[in-house]
Amino acid sequence: MSVATTHPGEHHEHHPSGILRWLTTTNHKDIGTMYLTFALIMFFVGGIMILAVRAELFQPGLQLMQPEFFNQLIGVHALVMIFAALMPAATGFANWMLPLMIGAPDMALPRLNNWGFWLLPPAAILLTLPFTLALFGIGDGAIATGWTFYAPLSVQGGIGVDFAIFAVHILGVSSIMGSINIIVTIFNLRAPGMTMMKLPLFAWGWLITAFLLIATIPVLAGAVTMLLTDRHFGTHFFNAAGGGDPILFQHLFWFFGHPEVYILLLPVWGLMPHVLSTFSRKPTYGYTAQVYSFIAIGVLSVIVWAHHFFTVGMPVPALIYFMFSTMSISLPLAVLFFCWIATMWRGAMSFETPMLFALGFIVLFGMAGLTGLVLADVAADAQYHHSYFVVAHFHYALFAGGIMGVMTGVYYWLPKWTGHMYSETLGKWHFWLTVVSFNLTFMPQFFLGLAGMPRRIPDYALQFAEFNAISTVGAFILGFSQLLFAYNIWRCVKGGEKAKDQVWESAEGLEWQLPSPPPYHSWETQPEIK
Amino acid sequence: MTTSAAQTAHSHHYFVPQPSIYPFILSGGMFLLALGFILKMNGFAPGPWVMIAGAAVIIYVLFGWFGKVIAESQGGDYRAWEDKSFRYGMIWFIASEVMFFAAFFGALYYVRIISVPELGNMVAEHGVTLYPGFTGAWPSSGPKGPEFTPMGAWGIPAINTALLLSSGVTVTWAHWALLKNNRLHLNLGLAATVLLGFIFLGFQAYEYYHAYTELGLTLGAGAYGATFFMLTGFHGFHVTLGAIMLTVILLRCLKGHFDSERHFAFEGVAWYWHFVDVVWLLLFVLVYWL
Numbered sequence: 449m450s451v452a453t454t455h456p457g458e459h460h461e462h463h464p465s466g467i468l469r470w471l472t473t474t475n476h477k478d479i480g481t482m483y484l485t486f487a488l489i490m491f492f493v494g495g496i497m498i499l500a501v502r503a504e505l506f507q508p509g510l511q512l513m514q515p516e517f518f519n520q521l522i523g524v525h526a527l528v529m530i531f532a533a534l535m536p537a538a539t540g541f542a543n544w545m546l547p548l549m550i551g552a553p554d555m556a557l558p559r560l561n562n563w564g565f566w567l568l569p570p571a572a573i574l575l576t577l578p579f580t581l582a583l584f585g586i587g588d589g590a591i592a593t594g595w596t597f598y599a600p601l602s603v604q605g606g607i608g609v610d611f612a613i614f615a616v617h618i619l620g621v622s623s624i625m626g627s628i629n630i631i632v633t634i635f636n637l638r639a640p641g642m643t644m645m646k647l648p649l650f651a652w653g654w655l656i657t658a659f660l661l662i663a664t665i666p667v668l669a670g671a672v673t674m675l676l677t678d679r680h681f682g683t684h685f686f687n688a689a690g691g692g693d694p695i696l697f698q699h700l701f702w703f704f705g706h707p708e709v710y711i712l713l714l715p716v717w718g719l720m721p722h723v724l725s726t727f728s729r730k731p732t733y734g735y736t737a738q739v740y741s742f743i744a745i746g747v748l749s750v751i752v753w754a755h756h757f758f759t760v761g762m763p764v765p766a767l768i769y770f771m772f773s774t775m776s777i778s779l780p781l782a783v784l785f786f787c788w789i790a791t792m793w794r795g796a797m798s799f800e801t802p803m804l805f806a807l808g809f810i811v812l813f814g815m816a817g818l819t820g821l822v823l824a825d826v827a828a829d830a831q832y833h834h835s836y837f838v839v840a841h842f843h844y845a846l847f848a849g850g851i852m853g854v855m856t857g858v859y860y861w862l863p864k865w866t867g868h869m870y871s872e873t874l875g876k877w878h879f880w881l882t883v884v885s886f887n888l889t890f891m892p893q894f895f896l897g898l899a900g901m902p903r904r905i906p907d908y909a910l911q912f913a914e915f916n917a918i919s920t921v922g923a924f925i926l927g928f929s930q931l932l933f934a935y936n937i938w939r940c941v942k943g944g945e946k947a948k949d950q951v952w953e954s955a956e957g958l959e960w961q962l963p964s965p966p967p968y969h970s971w972e973t974q975p976e977i978k
Numbered sequence: 104m105t106t107s108a109a110q111t112a113h114s115h116h117y118f119v120p121q122p123s124i125y126p127f128i129l130s131g132g133m134f135l136l137a138l139g140f141i142l143k144m145n146g147f148a149p150g151p152w153v154m155i156a157g158a159a160v161i162i163y164v165l166f167g168w169f170g171k172v173i174a175e176s177q178g179g180d181y182r183a184w185e186d187k188s189f190r191y192g193m194i195w196f197i198a199s200e201v202m203f204f205a206a207f208f209g210a211l212y213y214v215r216i217i218s219v220p221e222l223g224n225m226v227a228e229h230g231v232t233l234y235p236g237f238t239g240a241w242p243s244s245g246p247k248g249p250e251f252t253p254m255g256a257w258g259i260p261a262i263n264t265a266l267l268l269s270s271g272v273t274v275t276w277a278h279w280a281l282l283k284n285n286r287l288h289l290n291l292g293l294a295a296t297v298l299l300g301f302i303f304l305g306f307q308a309y310e311y312y313h314a315y316t317e318l319g320l321t322l323g324a325g326a327y328g329a330t331f332f333m334l335t336g337f338h339g340f341h342v343t344l345g346a347i348m349l350t351v352i353l354l355r356c357l358k359g360h361f362d363s364e365r366h367f368a369f370e371g372v373a374w375y376w377h378f379v380d381v382v383w384l385l386l387f388v389l390v391y392w393l
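Protein chains in written order, with my numbering: chain L, 449 to 978; chain U, 104 to 393.
Worth flagging that the hints you see were computed from the coordinates, not collected in a lab. One or more hints might be untrue.
To be verified - Simulated crosslink set (DMTMM-like; lysine to aspartate or glutamate; CA at most 25 Å straight-line):
(1) U/K187 with L/E800
(2) U/K171 with L/E800
(3) L/K730 with L/E956
(4) U/K171 with U/D362
(5) L/K730 with L/D825
(6) U/K187 with L/E972
(7) U/K187 with U/E370
(8) U/K143 with L/E972
(9) U/K247 with U/E317
All values reported here derive from a predicted model rather than from experimental measurement.
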């Protein structure tokens, strides 16, 4: 069915063209496109940084760079990938799809929405500017503490730490504005008749994400503010001489940092049931169970933070509490896995690119969950803490979970956004190259970690050489495979086979009732949900 | 909620504003402000000038953007449906502010309950004497911190508590007057609130001066000084913002804006003022008194 969505004579049909259109836009589709484009660019920026790191780690010994620069690349890689690639990609999905999916005319606060996006480029510049300044002899490069800013290293660090602190402040403002907008849109702009328990699961996933952002981003802002005053204004928050404690920083940071993992994953978990149900040609299994699992994971995520520093010397009762609360997250997560698999059970499945990525996601993200249980065990973590086992674990969570989830969404919705089909052949090549080279990169890192190789060290003992060489080869294949992804998107934007309104034959939801691509303003007259 | 949404949804199209350059310029201003601050802290001469440029851009945008919003509001673009969006938005913005203060209250809890006592009990717990003679009693500037006198609760802070609580009453008086279309009481109540807010800030400034010049209580006075100034300082900053916002609302009231039905801006600022009030009560009990 095609719904009339434009109203001739509406006063806001005209908008500036050229660059001004993008600088001034209040349209959720324009803003979503900017978020997604920015995320893709920063995905490559962060990727190039880590390829330099992997090149250095190809062989033992220092080959290409000094340890200081190595540390800068590692920290900025993480900050870029988390804050400038993965989070903006998810926010881009929300901007593009939420109004279409819930029958809203736009996001609830459109100018705030535009501000949320335009805060990102200044923050990205602040984050990476110190690299350039160092070339001109100003400062000693970017933040070299890793993305976690741990005191006292970050208190002693150079100008790069200040740049990163303000980058995080600005990114935080952006996230909070985006979250407020998403919450308000979901609460206030749903189509008449769409009760909360008829909300698409993608919207539920993002709703919980937005609550988590509002609860935790300000705490990170407070923590880095204390860091700033410790650095420049003589306070002693993280200095024992004045009665403070470096471990206080770890508590504050991970009160944000652990929920951040779910902030990166919940939008993807919300998207999965849509894709799995479409390509299994069956309704989503366990809608209610998934909603309650999202809520349970959201609540649990803010009370488990100290498992990131079990080895710091906490009292035993604290260790036990954080161990069991962490492990309890696997219960609602297992419910989600069960629902995903049950949705496919006895379905008439087909394997288009989005479905391939969804399946890859389930298998590989499952490994992240299982290795997470190992790290949640206090005794085992004493062995694996700060080793490559951790690096492998969180890349299974955030690349196979987060980024492959985002790729699932991109392939699933690209025809709706552009009005063209992407190349299925290129998509399949992209999937198989990604999934094989991803495992080639990160599977050896589990073994390196088990064998005792510490993370964030540019040199290593000779017995780690083979696995490191394999991992580097995998990383380069993984990195270059992503050019296929970018090319496929480019092709699809430029032209190709025309996409139907109902792009996928058994997909359900309001978004498929709109033309592909949807008109500039959609659902100005809201659909009625029966 | 769904039924009411259904009713409003059909009465008119949701207001989607025209394209606007203000958000982009505001981001640029924030970039300059941050860059200038970084340069200043690290001793680069252009720092303060870049900061001033950034602040000027931000102030320009605040006038332009809010001016536009006020014009749209007066022009009747916002009705019940949009009004509800603003209310939800303000509620969740204040929620994020609550969490910002929670970080600093968390730090206060941590230094008082965990780190300072642990440093004082080094002998008993770990069998070493790192800081002989340091007992870990609160208030403390830590084992190596400077001598200082903590701020008493029953002088200026108690007066300030009375001032802020009174201002909570006067803003409610103004609100009731607005609901009853009593413009005189509305303006009087708001003016009293603004006045109380600025008197509070004056006392706070005097208290800081007293702390720095006579008590030896500075940002550098260890755990106590850091938590004291960061908590009361960010609170004072929020009171300043609140008082400025109240002043704007007062000026709008004097121009005849708002009626008993539509006055989100008034209520949003009043909510913010009550939030600042509650934070102060926590500060008074946890920072000054206990």
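*What hints, given by number in increasing order, does this structure fail?*
1, 2, 5, 8
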